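Residue numbers (this note's numbering), protein chains in the order written: chain A, 1 to 483; chain B, 1 to 100.
Honestly, the hints are just simulated from the structure, not real lab data. If you're wondering where the values come from, they're calculated on a predicted model, not measured in any experiment. Fair warning: there could be bad hints in the mix.
As the list claims (entries may be wrong) - With a Cα cut of at most 30 Å, we get these calculated DSS-like pairs of lysine-lysine:
1. B:K91 / A:K154
2. B:K91 / A:K193
3. A:K438 / A:K370
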Amino acid sequence: METASTITLAGFRLIIPELTIICVALMLLLLDLIVKKKGVIAAVGIAGTFVALYGTFKLYGISEPVTAFSDMFVLDGYGNFFKVIFYLNVILTICISLKYMTVEKASFGEYYALLLFATAGMMFMASAADLIVIYLGLELMALSTYILAGLMRKQLRSNEAALKYFFLGAFSSAFLLYGISLTYGLTGTTNLKEIAASLITLNLAENPIVFLGLIFLVVSFGFKIALVPFHMWAPDVYEGAPTSITAFMSVGPKAAGFAVMGRVLFDAFGGQQVQWNSILIPLAVITMAAGSIIALAQTNIKRMLAYSSIAHAGYMLLGIIAGTPGGLTSTVNYLMIYTFMNIGAFAIIIMLRREGFQGENLEDYMGLAKSHPLASALMLIFMFSLTGIPPTAGFVGKFYVFLEAINSGYVYLAVIAVIFSAISAFFYLRVVMYMYMKDPKQEVVLTTSYSMNFALAVTAVMVLLIGVFPSFLLNLVRVSILG
Amino acid sequence: MVPLSWYIVLSAIVFSIGVFGFLARRNLIIVFMSVELMLNSVNISLVAFSHYLQSMRGQILVFFIITVAAAEAAIGLAILIAFYRNNPTIKVDEINLLKG
Numbered sequence: 001m002e003t004a005s006t007i008t009l010a011g012f013r014l015i016i017p018e019l020t021i022i023c024v025a026l027m028l029l030l031l032d033l034i035v036k037k038k039g040v041i042a043a044v045g046i047a048g049t050f051v052a053l054y055g056t057f058k059l060y061g062i063s064e065p066v067t068a069f070s071d072m073f074v075l076d077g078y079g080n081f082f083k084v085i086f087y088l089n090v091i092l093t094i095c096i097s098l099k100y101m102t103v104e105k106a107s108f109g110e111y112y113a114l115l116l117f118a119t120a121g122m123m124f125m126a127s128a129a130d131l132i133v134i135y136l137g138l139e140l141m142a143l144s145t146y147i148l149a150g151l152m153r154k155q156l157r158s159n160e161a162a163l164k165y166f167f168l169g170a171f172s173s174a175f176l177l178y179g180i181s182l183t184y185g186l187t188g189t190t191n192l193k194e195i196a197a198s199l200i201t202l203n204l205a206e207n208p209i210v211f212l213g214l215i216f217l218v219v220s221f222g223f224k225i226a227l228v229p230f231h232m233w234a235p236d237v238y239e240g241a242p243t244s245i246t247a248f249m250s251v252g253p254k255a256a257g258f259a260v261m262g263r264v265l266f267d268a269f270g271g272q273q274v275q276w277n278s279i280l281i282p283l284a285v286i287t288m289a290a291g292s293i294i295a296l297a298q299t300n301i302k303r304m305l306a307y308s309s310i311a312h313a314g315y316m317l318l319g320i321i322a323g324t325p326g327g328l329t330s331t332v333n334y335l336m337i338y339t340f341m342n343i344g345a346f347a348i349i350i351m352l353r354r355e356g357f358q359g360e361n362l363e364d365y366m367g368l369a370k371s372h373p374l375a376s377a378l379m380l381i382f383m384f385s386l387t388g389i390p391p392t393a394g395f396v397g398k399f400y401v402f403l404e405a406i407n408s409g410y411v412y413l414a415v416i417a418v419i420f421s422a423i424s425a426f427f428y429l430r431v432v433m434y435m436y437m438k439d440p441k442q443e444v445v446l447t448t449s450y451s452m453n454f455a456l457a458v459t460a461v462m463v464l465l466i467g468v469f470p471s472f473l474l475n476l477v478r479v480s481i482l483g
Numbered sequence: 001m002v003p004l005s006w007y008i009v010l011s012a013i014v015f016s017i018g019v020f021g022f023l024a025r026r027n028l029i030i031v032f033m034s035v036e037l038m039l040n041s042v043n044i045s046l047v048a049f050s051h052y053l054q055s056m057r058g059q060i061l062v063f064f065i066i067t068v069a070a071a072e073a074a075i076g077l078a079i080l081i082a083f084y085r086n087n088p089t090i091k092v093d094e095i096n097l098l099k100g
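Just chain A, with the same shape it has in the complex:
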């Protein structure tokens, strides 16, 4: 049953990007002792991420999936594409947080190291071919993000966010482990491909305990991607955590959760599609509903975006429910687009923050267009994109996800999604209305920096570019996933 342990030098070649990220993170910890300027540490972190990106591009040429370390790790286009999302996420997050963390008086060198450790965890999750690696990657990501959420040690909000995130995260990883244990006990293996084979050879397709294990796994992934009813932590943590970390968390762990979910459901439980859809379809519907409707009542913009990110998780789930490779492609495409528009929106929120002014309430955006027309125009683009109005990227993302759902025969789900998408326009466009149609109540001074301007330029250009020329990104995703 057991394969001989095969740790070869060739295997290490495949995890060069992960090793790069981890080495850079360790280097940053040491560098923090010598270098006083945090800008240098951030720059080294970004440079290291670019090196890893280069490594991933070099490995992109491999068309066939290659496994290493006794089939624990798999390198394929799917994982590589997710890694690109994680690189973009960490680079943009570092760019928007440099000045912000100084304002928050939480400018620690560990911040950048932890961002990279979390990214390494996500990368292992995206490339995991075994439930053990999924667990380890997930914990590396989660433990780093717990600390990041509570990094503003002197602020009670941040403490409370970290505390809630930690307890619910630990709770969900216990569910993941119980699911792994049940699956392992019945199939005799933790390898995803072997699980799929065992389910057929041992005739376990209809076994209720396998279904129970599957439910436990979906519940724990649901916690990570914030599906209702496992979303309780999300609004509190998003509100209390440093805003740059909120941006990081709303993209990275969510994308990693989807990466793992896609792999486990398609690779290991591909034959049980009817069973997992019976769990995922109700979850998707209530996620879209609760996310869109509760967001209407929010006055804190970070909290509003938390509910919005819950609703977006519901839309993304439609691609997985479709159950086809095309559906998975549309979800990944959506995640890439979501990375740009969400980090862009959080970048604007961060700009409003300055010493003695939170800038998180909707009222703070009143009349912003009069004093800061450019920042308001960018926020307008991001809000339009999050709503899904063409010609922004958000429209493209939603369009393909809904299309795949319809192609697989889930017309009613697409209809429900469009309805809630229309409802969500209310709270996104309310921000625009506050900026453009109300009179300013107070003087708002924006905190800008070069890195922040760079991040805003990249996100805004990408949102518009993907919105106008969607085929480039879509082809890239197709080539990566479908081969």
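Chain A is fixed; fit chain B onto it per the hints.
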């Protein structure tokens, strides 16, 4: 010899106690202990399965779980202490700054 099903039932019972404790108890330290109980119930079932299947994978995972649980405890208690310094309470009901 104790049959496999006994271990699995024991594991399920301990896991359920952990879930109940997590949801029902109002003291953060006890909530934390409940999470550890859940993790250890998984360890019981993994070792039992591993012995039954004569495969080492389960026991390897147990070692990883123990290690990660230690790291998790360190981080969790650190967060708890950071919280306690600003707000000296460990009652779940009194942690209600963020809501809505």
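Do the hints match the structure? See the list:
With a C-alpha separation of about 20 Å, the suggested pair K91 (chain B) and K154 (chain A) falls inside the 30 Å cut-off, and the hint holds. With a C-alpha separation of about 45 Å, the suggested pair K91 (chain B) and K193 (chain A) falls outside the 30 Å cut-off, and the hint is violated. With a CA separation close to 9 Å, the supplied pair K438 (chain A) and K370 (chain A) stays within the 30 Å bound.
In this structure, the one hint that does not hold is number 2.
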